[in-house]
Amino acid sequence: MKVLRSFRLWCVALVAVLALALATAPATSTAAARIAHLETLVKCPACEDISVAVSNATSAVAVRHEITQKVHEGKSDNEILTSLEDAYGPSILLSPSTSGIGSLLWAGPLCVLVVILVIGVRLARRRR
Amino acid sequence: MTLTWLGRIALYVAFLGAAGGAVSQLVALRAKRPARALWWAILALAGIFAAIVVMQYALITHNFSLAYVAQNNATFTPLLYSITGMWSALEGSLLLWALLLAALTVGVISYYRRSSSDEVVGWATAVLFSIGAFFTFLMMGPADPFLHNPAHVLQGAGPNALLQDNPLVAVHPPLLYAGFVGFTVPFAFAIAMLITGRVQDRWPLEQRRWTVLAWGALSLGIILGAWWSYQVLGWGGFWGWDPVENAALLPWLTATAYIHSVIVQDRRGLFRVWNLSLAIATFALTVLGTFFTRSGVLQSVHSFSSSTLGPLLIGLFFFTVALGVVLLAWRGDSLRSPVGVDHPLSREGLFVANNILFVGFAIVVLLGTVFPLLYEAVNGTQVSVGTPYFASIAAPLSVVLLALMAIAPLVSWRTVDAGVLWSRLRVTAWSAVGVVALLVAFGVRHLSVLGAAFLATCAAGAALRTLRGALVAAKRRGSVLSAVRAPSTGGMIVHLGIVILAVGIVVSTSYTTRSEVTLAEGQSTVVDGQYVSFSHFNEVKDALESSLQLEVRVDGHALVPAVTTYNGRSSTVGTPAIDSNLLRDVYVTFDADGASGAASGAQVQSNLSARQVVLGVTVEPLLAWLWIGGLVVGLGSAVSFLRRRHNDEAA
Amino acid sequence: MKRTILVASLAALVVIVAFSIFLGTRQPVTDATDAPSPLLGKSAPAILGHELGGGSFSLRRELGHVVVVNFWASWCEPCVQEAPNLSTLAWRERNDNVVVIGVVFDDPVSAAQAFATHYGSLYASVLDPGGAIANNYGVTSPPTTFVIDTKGKVEATLLGAASLSQLVGTVKRVQG
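Just so you know, the protein sequences line up as chains A, B and C, in that order.
If you're matching positions, the first sequence starts at 1 in this note's numbering and goes up one per residue.
If you're matching positions, the second sequence starts at 1001 in this note's numbering and goes up one per residue.
If you're matching positions, the third sequence starts at 2001 in this note's numbering and goes up one per residue.
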């Protein structure tokens, strides 16, 4: 019982510290934060793998300007990404859309999660 | 022509050694008598070694009668890059692979020479010989490094620019290949164990030793590759989830799972069939990785191998996996252990979680890497799968893995006792809360940084506690040094290295700042708390290169970012300059100048005056700890090699 | 239990066969990539300058033609592979309202001249002192090719060395 009490005390301390951190955290959905996040999702058109957030190619700078402009126009994240995809083709996005065959990309990790849960449940049931 | 024929004869000798060795092993196994494996292996090694001597001679003396030398070397190529030119492209890199495999075969045979009559050793040797014969065969036919150059040229193209501006080219590929080739040994023994049906006694832990060596080399190779990319590619990052990077990561993931689950097999005899499958899968993934990568040159998956090499490598991959599946189907039932896992939160249960996570992540990475090909085949258009996808899966995965690292070393085998577990966790848990409170007091609000700090403290605490336990037990036995051979010492050091790595990655990615500054000669400014000044241009023109360099000072240290054109192949690369200390890295690139008229290749901006430059300045806190963590991981795996079996306490 | 293992093995084998055949039949990508450029669909930036062999070139004069603009440099290896393809394209399509023009990217005049002479280009190339044209087109690494339609809009961008069939195909597509 002493063990349980000490564990509970620790949980309270942890939750308190986290609550303090969350309560005093600055507002996160500023325009600048949105722009920075969107920039990591869009590929630099002239490069192999990197996003417009880190590339300095002129085409990357141009795409960054487009994103900034659209955010200030009040468009939602989804609208901005879709408009970029329409203009440049699906290869501009670093994470493909989930429609059609793209759903396979997310089905994979989901399957792994299911396997974990199934094995965990079977192990828990089997124990003596 | 002489060099071509010398090299080719050497390769034929090597092939004779490997193929002859394989045949003689199979014959001996049928006749149930020992074979003279060592002589065949030495023959194969001698052949490869001679071939490499021929190639290195041609590279160092800039002999362009070999087409390979004409494409990867020039008269002004420095000695180091002439030597490393051997693995700068496909055909030569196969020489390195074959050398490591032949040397490993000799090593394995002589290590087990006293057990040479053991069937398992016999079959494993046969497998090693066969794979060596395959790779040598590749060089005799489709990927001939000694192709004669019919044109009489006075100058070669020189290596690719990115392969001659950093000395890490001398260590990264060999370490990587040492890792890949090293995984052939557990594979060979897994096949041998399946064929003979003998999975018990000393073999699993023995195989773990070999795997840990290969794993350590591969880990170091991957870390050094990341460090190399960081130093030269110009965007301040170190991992891009590029298909070729993923190709090296896949066998690493399954090998990590194997290293953990084979401990359970040693302790309690569980997971026999699973471990055999992991050993086979790891080797198959290295073959698949070679198929994706094509050579030591890092290109995206778009640059496939030549049309004959691709199908051959896929053929080996298919044959390997098919052989494994068939053998497992044949033997699997009779090899299953009679006991099971008692509780999901026992040590065995947590190892099961570890394995599922690593293997699951490997499947996800493989899917993500192959997906663009699948998409193009179905829809006809191109699609990219990049960092956002992989990172969004890797992030929660790392959280769970850190949590596992924090608990598993403290949990008992077979049973779970909450009270005992909490008493072992208590000190670390309170320290972790203290660390988080301290960070919050200092103004840190990033949830990812707080979470990482919390879990890192817990994981480090578990590792340190285990190490202390080993030290105490060793002192009681009278020999402090024997703590090094304790079962978990090496592993705990590796865990500490991973913790350091994780902290470095999370902090640097959360707090990186990027800016562009325009400076004229002699001007200085303050960027993100760093004092940056640009003093002057520097033009360098010599036989090797012509480059436009900038003399820059950051916080008092001199840096030289530049744009360099290497003569010969005439490719231009930007070379970043880094000021690094334990607290932060400042990464400076030469982004643009005001058209000084030189053929610099840096972007030209028309609104700049001729003596102005645009510098990219990236500040990344705690980045150096990534490389330190990697070193600790390497050290830990070396220590892990000395591990003794859990019941050899007196030894 | 034995049957489960057999079924699982068979399934695994089928997956591996399909996977291996799929990967084994992928063709190496030798063509240029259809790059997503910010200029697609917009009016092509002006190209005005002196040609390598003398004479001058203005993109505006070519309104009504399909113009293939290729940025190249003598120090760029893929440009060497691509040059013959562009020459063949220029010759084949000369009566078909198609103009091929090169732009020298970041290269001293002498080196560019030597390259053009050596490869006997059947098309002219414009000098770009200061890299202003390259900057306007957002070109960071040659070879990069733009195909402009008869109305002066950029309709295709190719990054990397383009094969002849790819060039012809793209031109046909832009011609409509």
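None of these hints come from the bench; they were simulated from the model.
Take these hints with a grain of salt, some might be off.
Some, not all, of what chain A presents toward chain B, calculated at C-beta under 8 Å [as the list claims (entries may be wrong)]: (1) V17; (2) A19; (3) A23; (4) T24; (5) V54; (6) P96; (7) V115; (8) G120.
Cross-link-like lysine-lysine pairs, in silico, DSSO-like; alpha carbons within 27 Å at most [unchecked claim]: (9) K2042(C) / K75(A); (10) K70(A) / K2153(C); (11) K2002(C) / K70(A); (12) K2042(C) / K2172(C); (13) K2153(C) / K2002(C); (14) K2172(C) / K2153(C); (15) K2172(C) / K2002(C); (16) K2172(C) / K2151(C).
C-beta: ideal position from N, C-alpha, C; glycine also.
Does the alpha-carbon distance linking K70(A) and K2153(C) stay inside the 27 Å limit?
With Cα atoms ~23 Å apart, K70(A) and K2153(C) stay inside 27 Å; holds.
Quickly compare the C-alpha distance for K2172(C) and K2002(C) to 27 Å and report which way the hint goes.
Distance of about 61 Å is beyond 27 Å: violated.
Proposed interface contact between P96(A) and chain B, which counts if any beta carbon pair is under 8 Å
5 Å, holds
When the least beta-carbon distance from G120(A) to chain B is tested against 8 Å, hint result
For G120(A), the interface hint holds, since the closest Cβ of chain B sits about 5 Å away, which is under 8 Å.
Measuring from the C-beta of V17(A) to each C-beta in chain B, is the shortest one below 8 Å?
5 Å, holds
Hint check: 8 Å Cβ-Cβ cutoff, V54(A) to chain B
Interface hint status for V54(A): holds (4 Å vs cutoff 8 Å).
Restraint check for K2042(C) with K2172(C), where alpha carbons must lie at most 27 Å apart
The given pair, whose Cα atoms are some 19 Å apart, holds under the 27 Å limit.
Check the hint pairing K2002(C) with K70(A) against an upper bound of 27 Å on the C-alpha distance.
61 Å, violated
Taken at face value, is the distance from the CA of K2151(C) to the CA of K2172(C) at most 27 Å?
Given that 27 Å is the threshold and the Cα spacing comes to 15 Å, the pair holds.
Under the criterion of a CB-CB separation shorter than 8 Å, is A19(A) in contact with chain B as hinted?
Check failed: Cβ of A19(A) comes no nearer than 10 Å to chain B, outside 8 Å.
Is it true that the CA of K2172(C) sits at most 27 Å from the CA of K2153(C)?
With a Cα-Cα distance of about 15 Å, the restraint between K2172(C) and K2153(C) holds, given a limit of 27 Å.
Does A23(A) pass the interface check with chain B, least Cβ-Cβ distance below 8 Å?
At 10 Å from the nearest chain B Cβ, A23(A) fails the 8 Å test, so the hint is violated.
In summary, the structure is inconsistent with hints 2, 3, 11, 13 and 15 from the numbered list given earlier, while agreeing with the others.
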